[in-house]
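Enquirer: Modelling step: build the complete structure from the supplied sequences, incorporating the hints.
Single-letter residue listing:
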Amino acid sequence: MMGRRENLRRKEGASPSEANLRDRYHGWLQHHRLSAADSLLRVLDNLGPSLLTWLVIGIALALPVGLNVALDNVNELSAGWDSPAQISVFLQEGISADRANQLEIELSAREDIAQTQFVSREEALAEFSTLSGFADVLASLQKNPLPNLILITPTDNLQGSSVSALRESIQGMPDVAEAVLDMEWLQRLNRIMELSRRLVMAIGLMLVAGVLLILGNTIRLAIENRRDEIVIVKLVGGSNAFVRRPFLYTGLWYGVGGGGLAALLVSLSLWYLEEPVGNLVLLYGSAFQLRGLGVMGALNLITLGGLLGLGGAWLAVTRHIASIEPR
Amino acid sequence: MITFDRVSKRYEEGHDALREVSVSIDRDELVFLTGHSGAGKSTMLRLIMLMDRPSRGQVTVDGQNLATVRPRGVPQHRRNIGVVFQNHQLLFDRTVFDNVALPLIIAGYDHREVGRRVRAALDKVGLLNRERAMPLTLSGGEQQRVGIARAVVGKPKILLADEPTGNLDPTLSAEIMNLFEAFNQVGVTVLIASHDLILISRLQHRIITLQQGRLVTGNAP
Ligand SMILES: Nc1ncnc2c1ncn2[C@@H]1O[C@H](COP(=O)(O)OP(=O)(O)O)[C@@H](O)[C@H]1O
Ligand SMILES: [Mg+2]
Chain A
1 MMGRRENLRR KEGASPSEAN LRDRYHGWLQ HHRLSAADSL LRVLDNLGPS LLTWLVIGIA
61 LALPVGLNVA LDNVNELSAG WDSPAQISVF LQEGISADRA NQLEIELSAR EDIAQTQFVS
121 REEALAEFST LSGFADVLAS LQKNPLPNLI LITPTDNLQG SSVSALRESI QGMPDVAEAV
181 LDMEWLQRLN RIMELSRRLV MAIGLMLVAG VLLILGNTIR LAIENRRDEI VIVKLVGGSN
241 AFVRRPFLYT GLWYGVGGGG LAALLVSLSL WYLEEPVGNL VLLYGSAFQL RGLGVMGALN
301 LITLGGLLGL GGAWLAVTRH IASIEPR
Chain B
1 MITFDRVSKR YEEGHDALRE VSVSIDRDEL VFLTGHSGAG KSTMLRLIML MDRPSRGQVT
61 VDGQNLATVR PRGVPQHRRN IGVVFQNHQL LFDRTVFDNV ALPLIIAGYD HREVGRRVRA
121 ALDKVGLLNR ERAMPLTLSG GEQQRVGIAR AVVGKPKILL ADEPTGNLDP TLSAEIMNLF
181 EAFNQVGVTV LIASHDLILI SRLQHRIITL QQGRLVTGNA P
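Sequence lines, in order, name chains A and B.
Number 315 in the working numbering belongs to position 315 of the first sequence; there are no gaps in the numbering.
Number 193 in the working numbering belongs to position 193 of the second sequence; there are no gaps in the numbering.
Derived by calculation from the structure, the hints in this document are not laboratory data.
Only a predicted model underlies this, so the values are computations on that prediction, with no experimental measurement involved.
C-beta: ideal position from N, C-alpha, C; glycine also.
Mixed in with the good hints, there may be bad ones.
Rough simulated footprint, nothing fancy, chain B against chain A, three-plus residues with beta-carbon under 8 angstroms [stated by the list, open to error]:
(1) 69-75
(2) 192-202
Take a look, some chain A residues computed to stay more than 10 angstroms from chain B by CB distance [stated by the list, open to error]:
(3) H26
(4) N46
(5) P49
(6) L63
(7) F118
(8) S132
(9) L146
(10) L149
(11) S161
(12) P174
(13) E224
(14) R227
(15) L270
(16) G278
(17) L310
Facing chain B, according to a computed beta carbon distance under 7 angstroms, are these residues of chain A, among others [claimed, not checked]:
(18) R22
(19) D23
(20) F134
(21) E229
(22) P326
Expert: Written out as C-alpha cells, the structure is:
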C-alpha cells in the first residue's frame, strides 16, 4: 500500500500527462470490476472443467459439513432423551418381599413416575449368574449378596433436574439404601459424539487442505495457459498485483461456486433422509424433526468456499506469477 | 535521455553480449541501432527496459540510474517507455481496441479517458476503423501498427523498437519508419534496433553500430 502511494506521488511529479489521483482510484476500481467480470466469463466459458472443479470443491466441503449437521441432529435428538432415564432403587438389607412390594405400589402411585418394576434379590441373583458366568462361585456362597431392587422410569415430560430431585427424594426414603440414576449410556453417547466431532473436524481440515491444493493447482494451470499474456502485460508496465488480480477472482469464483454446490449437496442429502428419519422417529413417538443448514449455514458455506478459493489462488499466484518475466 | 556508461553484459554461459559500451542519446533524437545478428542490439534494449541488469557499467534513463530501481519499481519504470518488440506481440484473444488500451488500464486511467486516447493512437497509425477487429484478421503490417499504437498510447517519452520491420516488405517497412519519425517529430526519443541497413541509411538519422558487443560507430550525435 505504501509502495503504491509512493509510486503514485512519484508518477504525478514525473509527467504532466499522468492521470490525477482520483481518476486513478476510479481506474483501479474499474480494473477490479473488469477483472471480476472477465474471470467469471472465463470460468463460465469453460463450463465443463469449471463444473468439475466446483463439484470437487463442493463434495469436499459437503462431506464434513453434512456430517456436522448429522451430529447436530443426533445431539438435538439425544437432548430429548435426557429425562426418561431410569432410576435403580436398591432397598435396605433385610426388607421383606411384602414390604418391597408395598413400596413399589407406593412409588408407582407418584405422579412423576411412569413405571416401576420390582426385581427381587433371588431374580437378580439368577439373572446375574447366567449373565456373568460366575454361577459356580455364586452357588457356593452362603448368602445372596444382592439387595432387592426396584427399577423406576420417570414420566416423559420430566426435565433432567427434576429427575435428579426425584432421585434424591427416593434416596431419602427409610427403606431405600441407594437410588442410582442410570445415565451411563447417555454419558457414553456424549463421549462418542465428542469423538465424532473431533473426527469430523480432522476430516474437515484434511479436506480443506485438499481443496486449497486443488484450487492452487487449477489456478497454476490457468496462469500457465496465459503465460504469454502475462509477459506482455509485464512488458508494458503491469505490476505483479495487476497480473494477480484476475487469477484471484478466478479462485474466488471457483470457491464461491464450490461452496454453493456444497450447500446444495447437503440440502439434497437431508431432503433424501427426511422421510425415513421421519418414519423412524414416528415409531418412537417423538416430535423430532431433521434440522437442515438454514440460509445462514448456506451463506457461511459459500463464504467459506470463497475464502478458500481466494486462499488457494493466492498460494498459486504468489508462487508462479513473480517468476514469469519478459525475456 | 538514455546513457550507457561502459556497460558490459555477460550471460551466465560466459558469453559477452555487450563489452564496455558507452553511448548517449539525447532527448528528441531518433537513433538506429544496427549490427549483425547476435551483435547485442536486443540486449541493449533489454537493459533499458530492465528486463535484465548489466554485469558492469551504468545505464541512465531520463536522469535515473537504473541500478537504483528496485524490482518493485520496475513496472513504474516500464510505463514511461513504449516498446515495439518483434517477439512480444499482441493478445490474440482481445480486440485491437483492448490491445491498445492495455497500458492505460495498467496505469489506471478512467474508461472515458481510455477510449479517447486509444482512438487518438489508432488514428495516428491509421487503424481507427479497425478497433473492433481481432488481431489475427489483420495483415502483418497492420498488426505491427497496432503494436506501435499500444507503445505510444500512454504518451511515453521514450519509444524502443526491436526489428519493427523484420517481417515486412520494403514499402510497408518505409511506412512504419515514417510513423516512428512522426512520433519523434513531436518530441519522443526513439531508439530502433534494425539490421535493415538499406532502409535505415536512406533516413537521415544517427546510426549506432555494434559488432560482437562492441560499439564501433555512432558514439557521438
Ligand atoms: N538470455 C540469454 N542467455 C544467454 N545468451 C544470450 C541471451 N540473450 C542473448 N544472448 C546472446 O547474447 C548475444 C547478443 O544477443 P542479442 O542482444 O539478442 O543480439 P541481436 O539482438 O543484436 O541479434 C548473442 O550471442 C546471444 O546468443
Ligand atoms: Mg535481436
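Enquirer: If a hint holds in the structure, say so; if it does not, say that too.
Expert: Structure-based check of each hint:
1. 69-75: That given contact is violated, which follows from only 0 residues of the stretch 69-75 of chain A lying within Cβ reach (below 8 angstroms) of chain B.
2. 192-202: violated (count 0)
3. H26: 5 angstroms, violated
4. N46: The claim holds: A:N46 sits with its nearest Cβ about 13 angstroms from chain B, beyond 10 angstroms.
5. P49: 17 angstroms, holds
6. L63: 37 angstroms, holds
7. F118: 87 angstroms, holds
8. S132: Holds, because the least Cβ-Cβ distance between A:S132 and chain B comes to about 79 angstroms, which exceeds 10 angstroms.
9. L146: With a cut-off of 10 angstroms, A:L146 remains clear of chain B, as the shortest Cβ separation is near 84 angstroms.
10. L149: Given that every Cβ of chain B is farther than 10 angstroms from that of A:L149, nearest at about 82 angstroms, it holds.
11. S161: 66 angstroms, holds
12. P174: Holds, since 88 angstroms exceeds 10 angstroms.
13. E224: Check passes; 16 angstroms lies beyond 10 angstroms.
14. R227: Consistent with the label, A:R227 stays out of reach of chain B, its closest Cβ about 12 angstroms off (over 10 angstroms).
15. L270: 43 angstroms, holds
16. G278: 54 angstroms, holds
17. L310: At roughly 22 angstroms from the nearest Cβ of chain B, A:L310 sits farther out than 10 angstroms, so the non-interface label holds.
18. R22: 9 angstroms, violated
19. D23: With Cβ-Cβ at 5 angstroms, under 7 angstroms, it holds.
20. F134: 82 angstroms, violated
21. E229: 6 angstroms, holds
22. P326: Because about 5 angstroms separates A:P326 from the closest Cβ in chain B, which is inside the 7 angstroms limit, the hint holds.
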